[in-house]
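**Q** Modelling step: build the complete structure from the supplied sequences, incorporating the hints.
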Amino acid sequence: MQQSFTAVLFLAALFVGLGSTEAAAQTHTFVSDTANNRVVVFNTGDSTAVKSIAVGTAPTQVVLSQDGAKAFVTNSGAPFSISVIDTSEACITTNACNDTITIPVAASPQSVAVRSQGDSAFVLTDAGVVQVIDLGTNMPGDSIFVGGSDGGLAVTPNGSFLYVASGDVTVLQISDTKTLSVVGTPFAPEVSPELDVFNFAVSVAIARDGTVYVPFNTYSYNGLFGFNASGGIARIKPGGTSVSDVVQLFSLPGSIAVSGDGRLVDAAINYMWFQTGYGAAFFPGRTVAAVETAAMGTAANPLFGWTDLGADGILWNQQHTPSGVAITPDGASVYVTIPGFNTIARIDTADNLVKETFQLGVTPDAPNTARPNGIAITPNPSAAPTPLTIDAVDDASTSPLPALAARPAVANVLGNDTLGGAPAVPANVTLSFVSATSAGVMLDSGKGAVWTNGDAQVGPQSLVYKICETANPENCDTATVTLNVRAPYVIDAVDDHATSFAGTTPLSNVAANDTLNGGVAGPSNVTLTLLSVSDAGIGLNAADGSVFVTAVASVGDHSLVYQICEIESSSNCDNGTATVTVIPHAVRAVNDSGTSPRTGGTPIANVLANDTFDGSPATLGQVTLKLLSSSNPGVTLNAATGAVSVASGTPAGVQTLQYRICEAASQSNCSDASVSITVNANVILAVADRARASNKTANTAIASVLANDMLAGGPATTSNVQLSLVSLTPANRDIQLNLSTGAVDVLRRTSGGTFSLVYQICEVGSPTNCSQATVTLDLSGK
Numbered sequence: 001m002q003q004s005f006t007a008v009l010f011l012a013a014l015f016v017g018l019g020s021t022e023a024a025a026q027t028h029t030f031v032s033d034t035a036n037n038r039v040v041v042f043n044t045g046d047s048t049a050v051k052s053i054a055v056g057t058a059p060t061q062v063v064l065s066q067d068g069a070k071a072f073v074t075n076s077g078a079p080f081s082i083s084v085i086d087t088s089e090a091c092i093t094t095n096a097c098n099d100t101i102t103i104p105v106a107a108s109p110q111s112v113a114v115r116s117q118g119d120s121a122f123v124l125t126d127a128g129v130v131q132v133i134d135l136g137t138n139m140p141g142d143s144i145f146v147g148g149s150d151g152g153l154a155v156t157p158n159g160s161f162l163y164v165a166s167g168d169v170t171v172l173q174i175s176d177t178k179t180l181s182v183v184g185t186p187f188a189p190e191v192s193p194e195l196d197v198f199n200f201a202v203s204v205a206i207a208r209d210g211t212v213y214v215p216f217n218t219y220s221y222n223g224l225f226g227f228n229a230s231g232g233i234a235r236i237k238p239g240g241t242s243v244s245d246v247v248q249l250f251s252l253p254g255s256i257a258v259s260g261d262g263r264l265v266d267a268a269i270n271y272m273w274f275q276t277g278y279g280a281a282f283f284p285g286r287t288v289a290a291v292e293t294a295a296m297g298t299a300a301n302p303l304f305g306w307t308d309l310g311a312d313g314i315l316w317n318q319q320h321t322p323s324g325v326a327i328t329p330d331g332a333s334v335y336v337t338i339p340g341f342n343t344i345a346r347i348d349t350a351d352n353l354v355k356e357t358f359q360l361g362v363t364p365d366a367p368n369t370a371r372p373n374g375i376a377i378t379p380n381p382s383a384a385p386t387p388l389t390i391d392a393v394d395d396a397s398t399s400p401l402p403a404l405a406a407r408p409a410v411a412n413v414l415g416n417d418t419l420g421g422a423p424a425v426p427a428n429v430t431l432s433f434v435s436a437t438s439a440g441v442m443l444d445s446g447k448g449a450v451w452t453n454g455d456a457q458v459g460p461q462s463l464v465y466k467i468c469e470t471a472n473p474e475n476c477d478t479a480t481v482t483l484n485v486r487a488p489y490v491i492d493a494v495d496d497h498a499t500s501f502a503g504t505t506p507l508s509n510v511a512a513n514d515t516l517n518g519g520v521a522g523p524s525n526v527t528l529t530l531l532s533v534s535d536a537g538i539g540l541n542a543a544d545g546s547v548f549v550t551a552v553a554s555v556g557d558h559s560l561v562y563q564i565c566e567i568e569s570s571s572n573c574d575n576g577t578a579t580v581t582v583i584p585h586a587v588r589a590v591n592d593s594g595t596s597p598r599t600g601g602t603p604i605a606n607v608l609a610n611d612t613f614d615g616s617p618a619t620l621g622q623v624t625l626k627l628l629s630s631s632n633p634g635v636t637l638n639a640a641t642g643a644v645s646v647a648s649g650t651p652a653g654v655q656t657l658q659y660r661i662c663e664a665a666s667q668s669n670c671s672d673a674s675v676s677i678t679v680n681a682n683v684i685l686a687v688a689d690r691a692r693a694s695n696k697t698a699n700t701a702i703a704s705v706l707a708n709d710m711l712a713g714g715p716a717t718t719s720n721v722q723l724s725l726v727s728l729t730p731a732n733r734d735i736q737l738n739l740s741t742g743a744v745d746v747l748r749r750t751s752g753g754t755f756s757l758v759y760q761i762c763e764v765g766s767p768t769n770c771s772q773a774t775v776t777l778d779l780s781g782k
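Note that the working numbering has the sequence shown beginning at 1, numbered continuously upward.
Some hints could be false.
[What the hints assert, rightly or not] Label-pair restraints from in silico Cβ distances: (1) Leu628 x Val764: 44 to 52 Å; (2) Val764 x Gly556: 52 to 60 Å; (3) Pro633 x Ser727: 32 to 40 Å; (4) Met139 x Ala299: 29 to 37 Å; (5) Gly147 x Gly340: 46 to 54 Å; (6) Arg692 x Thr656: 48 to 56 Å.
Keep in mind the hints are simulated off the structure, nothing from the lab. Ideal Cβ positions, reconstructed from N, Cα and C, are used throughout, including at glycine.
**A** This is the structure:
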């Protein structure tokens with residue numbers, strides 16, 4: 001059988017590269033051929049065909065025991081069964097022993113897993129049942145329903161737990177009696193749930209340290225176009241019952257494999273979801289995703305690389321869609337089966353490229369075109385991991401760096417470095433300083449940046465650094481960063497001078513005449529800082545370089561010292577002085593005069609009307625107005641309008657008011673003036689009266705002498721005038737002037753005749769403002 005198989009197994013290309021290096025112990029690769037109901041075995045190192053082993057109907061998955069002594073094959077076609085193959089060297093290379101044992105199962109097996117103790121195996125069927133197989137008797141044992149019709153199984157290295165990936169992830173505890181019990185609650189392969197997003201576990205693999213990796217498919221109903229499909233890989237920490245982190249693959253993965261050292265996880269991409277303006281559909285995948293496990297859960301990108309398996313055209317059935325995935329014990333190669341094209345591809349993990357492909361041929365025992373499906377490689381825990389190609393690439397600064405300054409020469413030396421063809425990042429390499437030509441050239445090993453500080457010497461400089469693979473610290477490479485440190489540019493801050501009034505900006509930019517390296521110094525190449533001022537009334541706006549004089553700045557010379565420093569070299573500076581001579585505005589207040597009646601008024605509308613500011617009429621926007629004094633409280637100044645008012649009742653005569661105007665922007669620049677207001681007395685008029693009365697009896701000859709008298713155009717009354725008797729001719733003590741009412745009374749029977757009574761009225765508010773009149777009284781004796 002070996003000779004016939006060897007004759008029909010051919011290679012499309014010879015194996016080259018790391019994968020062709022023979023391992024310390026020979027390993028075999030087992031591939032299920034679904035179309036021909038067989039498992040094909042070949043030497044992993046050189047791909048030499050060894051044997052073709054008949055199994056049950058439609059074999060799919062192939063799994064090896066932890067010691068590599070047995071292979072377990074799921075036969076998905078009726079009659080449903082599990083094939084157990086003796087994989088010892090004698091059985092593989094000779095016909096000295098029985099090749100297979102067939103164990104029937106109740107439904108189509110989807111996945112199989114073997115306990116590390118070798119005493120039992122576990123089968124997931126399309127009925128959603130996990131079946132225990134007693135390998136001592138090769139008979140079915142306990143079973144438990146988990147749900148789902150497809151998925152994968154994996155047993156932890158200690159043989160205590162079985163992880164089932166079948167929609168949800170179910171953790172089963174394996175007892176010594178080979179019975180199963182659910183641990184906790186089945187959970188979705190996600191860190192946290194999201195509304196209208198559903199994640200389904202499709203397979204599972206467990207690393208030697210117990211870390212569980214679960215490929216999942218995502219179906220989302222909350223996207224921009226409604227439905228969307230994607231997927232990724234979830235990680236569960238050893239012994240965990242929840243997902244710690246995930247890496248998105250932006251496509252739908254299927255089978256998965258973990259390298260012996262746990263550094264890499266490779267997943268076959270079964271489908272992609274395309275959404276266009278014309279429609280959407282699932283499209284067969286054609287790639288294998290490689291994930292750097294150390295980068296999962298960090299800021300680094302854990303996607304180590306993508307391998308394109310190619311296609312025979314653009315149609316969906318022409319895509320080289322992968323099925324099974326297996327990684328060699330040394331991690332040098334990844335083997336992938338492509339059932340639709342009878343192809344097995346080998347990917348070199350150094351660069352994630354397909355190095356060769358081969359096919360399974362047609363033989364009398366295998367007449368159908370082969371469909372390689374499941375794949376497994378003999379485990380070898382002692383195999384040393386194959387070093388990845390590590391490449392530290394030289395870097396150079398794009399422009400000269402200034403001396404006397406801390407400046408970045410290269411943002412990240414890892415930016416162009418690679419490990420295994422993928423970007424080198426802190427998650428997969430360590431970075432260290434080796435040497436530098438100047439103590440001022442330094443490496444920030446945390447961020448990968450190369451800097452110069454103020455001690456870097458002028459001229460060409462270099463720094464050597466080293467990167468080493470985190471998983472294999474002996475795998476290292478060095479590179480050199482070259483840079484040039486230039487001398488400081490000539491910087492010149494030129495003094496400035498300006499003459500200005502207070503409250504202005506005499507210099508728009510002190511740096512306007514300053515230079516750097518012979519060119520204009522400006523915000524793009526220098527910083528501007530105020531050092532000192534001679535007066536608080538002068539200042540610098542560092543944002544635009546303008547020098548301003550405040551409104552309170554005193555008249556005279558003021559100086560301001562500033563500094564400009566090169567942005568690229570902050571220690572490269574020069575100082576300059578700006579001198580500002582503050583001059584006053586010409587402020588002149590001119591005396592005013594006016595008149596007002598005692599009834600009140602506004603004799604002057606605005607005292608500023610004849611005042612000047614720099615020779616022009618002064619306004620309240622230019623000057624402030626203040627009352628200094630007034631000779632009478634009734635004479636006031638409105639500082640908001642400049643009006644002088646006289647209150648009613650203000651004493652007659654000349655009243656004076658002193659005021660001051662000051663420059664609004666400089667309150668020390670002032671001028672005073674006087675306002676003279678003549679307050680005219682009210683017109684007072686006492687009008688003569690005539691009356692005839694009897695002298696026989698007491699009577700009132702005149703009710704009030706004030707009845708026809710006037711004050712300020714209005715009636716004179718006892719409330720606004722003071723009434724007094726001047727004379728009565730001839731004298732008669734029986735005739736009386738009532739000073740309270742103004743009445744002229746005959747007090748009793750008296751002598752007859754004509755009498756003249758002179759009276760006086762004086763303004764109450766101005767007692768010197770008086771008028772007299774005569775009352776002629778005829779006492780006829782009647």
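**Q** So which hints don't hold here, by number, going up?
**A** Going through the list in order, the structure violates hints 1, 4, 5 and respects the others.
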